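Which chain is which? The protein sequence lines are A and B, in order.
Residue 383 in the working numbering is what sits at position 383 of the first sequence, and the numbering runs on without skipping anything.
Residue 158 in the working numbering is what sits at position 158 of the second sequence, and the numbering runs on without skipping anything.
Keep in mind that a hint or two might mislead.
[As the list claims (entries may be wrong)] A short, non-exhaustive set of chain B residues, derived as facing chain A with CB atoms under 10 Å:
no., residue
1, G26
2, V33
3, L35
4, K54
5, L55
Worth flagging that the hints you see were computed from the coordinates, not collected in a lab.
The model shown is predicted, which means the values in this text are computed figures rather than measured ones.
The beta carbon of each residue, even a glycine, is placed where N, CA and C say it ideally should be.
Spelled out, the chains give:
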Amino acid sequence: MTAKLETAMEQIEIATGVLVVGGGMTGVATALEVARQGYPVTLIEAGEKVGPAAESRPRTGLPDARRLQDMAARLAQTDGIEVLTATRLDAAAGVAGDFKVWLSTAEDVLERRVGAIVVATEFDTAPLYDGYGLTPGGAVIGQSELEQRLAGDPGSFSGKTVAFVAGFAQSGNPMVMQRIFHCVKALQDAGAAGVYVYVGDLKVADDGLEREYRTGRDRGAIYFKLKEAPAIAASGAQVVIGFHDPVVRQQIEVTADCLVVEESLGVGAQCADLAAILRIDIGPRGFLQSDNIYRFPVATNREGIFVAGASREVRSLPWALADARNAALQVAEVLGDGTRLVPRDKAVVDIGKCTFCLTCYRCCPHGAIYWLSENKPVISPVACQACGICASECPMDAIQIGGFTDDLIRGQIAAKLAQVNGDPAIVAFCCQNSALPAGEMAATFRMSVPAGLRTIQVPCAGKIDLQYILDAFVSGADGVLVMACHPGNCKSERGNTYASWRVEDAQRLIAGAGLEPERLRFATLAANMGTDFKAIVVDMDQKIRELGKSRLH
Amino acid sequence: MIVAERKPLEEIESMLKGYRRVLTVGCGTCVAVCLAGGEKEVGILNAELQIARKLDENPIELGAACVERQCDMEFLDELQGMVDQYDAILSMACGAGVQFMAERFEDVPVFPAVDTTFIGANRDVGWYEEKCRACGTCVLGMTAGICPVTMCAKGLFNGPCGGTNNGYCEIGNDQPCAWYRIYERLARQGRLEQIMEIHPANEWRNQTPRTLVQAAYRKRKELAAS
Ligand code: SF4
Ligand code: SF4
Ligand code: SF4
Ligand code: SF4
Chain A
1 MTAKLETAME
11 QIEIATGVLV
21 VGGGMTGVAT
31 ALEVARQGYP
41 VTLIEAGEKV
51 GPAAESRPRT
61 GLPDARRLQD
71 MAARLAQTDG
81 IEVLTATRLD
91 AAAGVAGDFK
101 VWLSTAEDVL
111 ERRVGAIVVA
121 TEFDTAPLYD
131 GYGLTPGGAV
141 IGQSELEQRL
151 AGDPGSFSGK
161 TVAFVAGFAQ
171 SGNPMVMQRI
181 FHCVKALQDA
191 GAAGVYVYVG
201 DLKVADDGLE
211 REYRTGRDRG
221 AIYFKLKEAP
231 AIAASGAQVV
241 IGFHDPVVRQ
251 QIEVTADCLV
261 VEESLGVGAQ
271 CADLAAILRI
281 DIGPRGFLQS
291 DNIYRFPVAT
301 NREGIFVAGA
311 SREVRSLPWA
321 LADARNAALQ
331 VAEVLGDGTR
341 LVPRDKAVVD
351 IGKCTFCLTC
361 YRCCPHGAIY
371 WLSENKPVIS
381 PVACQACGIC
391 ASECPMDAIQ
401 IGGFTDDLIR
411 GQIAAKLAQV
421 NGDPAIVAFC
431 CQNSALPAGE
441 MAATFRMSVP
451 AGLRTIQVPC
461 AGKIDLQYIL
471 DAFVSGADGV
481 LVMACHPGNC
491 KSERGNTYAS
501 WRVEDAQRLI
511 AGAGLEPERL
521 RFATLAANMG
531 TDFKAIVVDM
541 DQKIRELGKS
551 RLH
Chain B
1 MIVAERKPLE
11 EIESMLKGYR
21 RVLTVGCGTC
31 VAVCLAGGEK
41 EVGILNAELQ
51 IARKLDENPI
61 ELGAACVERQ
71 CDMEFLDELQ
81 GMVDQYDAIL
91 SMACGAGVQF
101 MAERFEDVPV
111 FPAVDTTFIG
121 ANRDVGWYEE
131 KCRACGTCVL
141 GMTAGICPVT
151 MCAKGLFNGP
161 CGGTNNGYCE
171 IGNDQPCAWY
181 RIYERLARQG
191 RLEQIMEIHP
201 ANEWRNQTPR
211 TLVQAAYRKR
221 KELAAS
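Could you put together the complete structure from these sequences and hints?
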């Protein structure tokens with residue numbers, strides 16, 4: 001077995017350069033970590049500067065500001081790091097181990113070949129004036145503006161009263177509170193006369209936040225936790241903030257010289273473009289990652305492309321820096337020593353049959369397919385996860401998956417249905433990531449499954465071809481089950497979705513041909529659901545007994 | 001490319017009612033690309049037919065083949081040895097392919113398995129949009145690359161008509177007005193004066209089936225004809 005496997009392997013060369021997109025601290029840390037492992041890095045930043053200046057976290061009171069400066073300075077001293085500022089990623093082609101990227105600088109478009117890409121962009125902030133019915137100007141400013149003023153001329157706040165409002169216009173995020181705590185400290189250091197913080201939804205569940213909150217309060221900052229936003233009346237240079245205190249039963253009013261409005265911490269403006277250029281999935285809130293239980297936190301749907309820090313979630317700096325280290329480890333995992341052994345037959349395109357319709361390219365959830373003008377589509381053995389979605393969608397049956405070729409599977413269907421005894425013959429196509437282990441679990445626990453059950457293993461439900469389903473019926477199956485992972489749990493993102501569409505289509509087709517569509521069923525389950533597996537197959541057996549044997553025997 | 005749609009099984013079945021041995025032939029070009037008649041669709045259609053006929057207790061023997069293009073005689077020649085074993089051919093190509101097939105194998109009934117729908121472009125997997133009516137007088141040069149014959153409900157060469165309605169056609173708000181789009185794009189490209197040029201009406205009457213001989217091959221055709 002092993003020897004046979006080895007002959008089917010080939011060694012390919014992998015580009016070891018790494019592109020890091022984003023020059024904030026997450027990007028800087030990623031670049032340093034990757035370079036430390038010996039891979040050349042190109043770090044690009046859309047703005048003019050890298051390091052703390054490109055960081056979207058508070059510019060004021062950043063803990064360890066010195067340490068971060070030093071980190072950024074190390075970029076220039078480290079061999080093998082190329083830093084390009086005012087530079088954007090314009091286009092990308094290729095696959096893990098062999099990406100070609102085009103970077104547009106102020107003057108030029110540069111081309112680089114890299115083996116892996118890490119997106120480490122920052123988040124965007126926007127003051128939520130509307131949420132408080134306020135217009136900016138005069139005494140009303142946003143959090144970022146305060147931070148800028150504090151960084152430039154902290155003395156201007158000496159003797160001033162400053163109030164903050166947060167947690168009324170959006171649900172709380174520890175990062176919002178952290179920015180406020182840092183500013184409270186900076187204001188107190190600058191000799192502000194009074195600091196008032198009005199919060200709705202207060203979240204301090206992050207490293208050291210509780211302590212920062214207490215320190216500020218002990219130094220005289222006053223916090224009000226309210227159910228509703230206070231009434232705010234802005235008039236020129238001053239703002240009056242009032243609310244009714246239910247405990248002391250009276251109206252409490254504060255006049256401040258400056259009212260600071262909280263800001264949303266949203267997905268960075270570049271993210272949508274980067275997702276389109278890199279063909280990576282976007283999560284529910286626009287961040288660069290869809291949930292997938294099978295993947296490492298920094299991984300994406302594409303091999304060799306990683307996301308770190310605020311490109312995937314807004315959290316504290318220490319968390320982002322840990323993400324950067326994680327991403328660097330994953331990069332090393334892909335690049336290794338610059339060579340890789342890959343199976344020769346993972347997914348192979350028969351160029352003679354292919355009509356170059358691009359269906360495979362458009363359907364592959366891992367972006368593993370590209371094309372060469374002279375060579376039609378090419379499937380990268382590094383990026384391909386052998387899910388078989390492309391093979392099942394190809395209109396010319398031109399793609400074969402190693403170990404799961406059409407001939408092998410169709411042969412299995414015919415063989416398993418060659419002898420049909422008295423029990424209903426049920427063919428269950430089982431995804432090897434969920435239904436197959438669930439079935440094995442049912443067997444291990446000696447749960448009794450119907451005698452006529454015939455399971456056929458597939459690498460992913462996405463490999464279950466419409467033809468296989470029809471074949472099973474033609475060969476005399478009384479019922480067919482297509483068993484996939486739960487929605488949102490497919491290792492290949494959309495294999496279960498494709499399978500469910502095909503089942504619907506097949507139901508339509510068999511109904512048109514005169515067969516009861518109930519003989520075909522789509523079900524989802526997880527690997528540890530032996531009992532559910534049993535329930536599904538028993539239920540199917542029951543249903544088939546009610547319908548009677550297929551008239552196609 | 002040509003876009004086609006698989007005919008309902010019922011219709012195909014009724015055409016094949018009296019035939020017991022049928023060869024289904026896919027076309028590996030346009031109809032394969034639009035996922036209607038390539039090798040995969042041949043297999044699926046055959047499975048459907050097999051199920052339906054068996055349930056009707058009128059079993060059918062089906063053969064499967066797929067040629068590069070049914071609109072080229074040379075590729076149809078590949079079927080030469082096979083066809084005699086069948087009493088009918090089911091072609092999954094567009095109307096051009098079906099007719100060439102019927103011409104090539106004149107003694108065998110040839111039936112179409114798809115409805116040829118339009119000349120279109122591929123927006124996404126399985127999603128096609130009509131783009132061209134093959135009118136024979138392409139005006140795209142003066143219409144900013146938007147076909148008024150296809151896109152305008154009246155096929156106007158000089159538009160818009162009075163019904164244009166905030167970017168939409170008077171036939172309904174799902175249908176963008178072709179001439180509004182033409183205007184917008186000409187304006188964007190700074191060549192709006194072209195919309196003022198009157199284009200003479202096309203001669204739609206008495207149209208006969210067209211033959212096209214590319215200029216470089218006219219001599220070749222004359223030679224073949226002589
Ligand atoms: S889906 Fe099949 S026919 Fe289409 S490009 Fe891919 S391999 Fe070629
Ligand atoms: S088998 Fe799956 S991962 Fe591999 S190329 Fe096909 S669709 Fe992409
Ligand atoms: S026969 Fe029709 S569908 Fe086939 S290649 Fe020719 S034009 Fe396209
Ligand atoms: S409204 Fe526009 S698209 Fe509709 S008929 Fe008139 S010109 Fe043509």
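Taking the hints in turn, this is what the structure says about them:
1. About 9 Å separates the beta-carbon of G26 of chain B from the nearest beta-carbon of chain A, less than 10 Å, and the hint is met.
2. The beta carbon of V33 of chain B is positioned within 10 Å of a beta carbon in chain A (closest approach about 4 Å), and the interface hint is therefore held.
3. Checking L35 of chain B against chain A by beta carbon gives a least distance of about 5 Å; that is within 10 Å, so the hint holds.
4. The interface hint given for K54 of chain B is met, as the beta carbon of that residue sits about 5 Å from the closest beta carbon of chain A, less than 10 Å.
5. Interface restraint check: L55 of chain B against chain A, minimum CB-CB distance 4 Å, threshold 10 Å, status holds.
Going down the numbered hints, you'll see the structure goes against none, and every one checks out.
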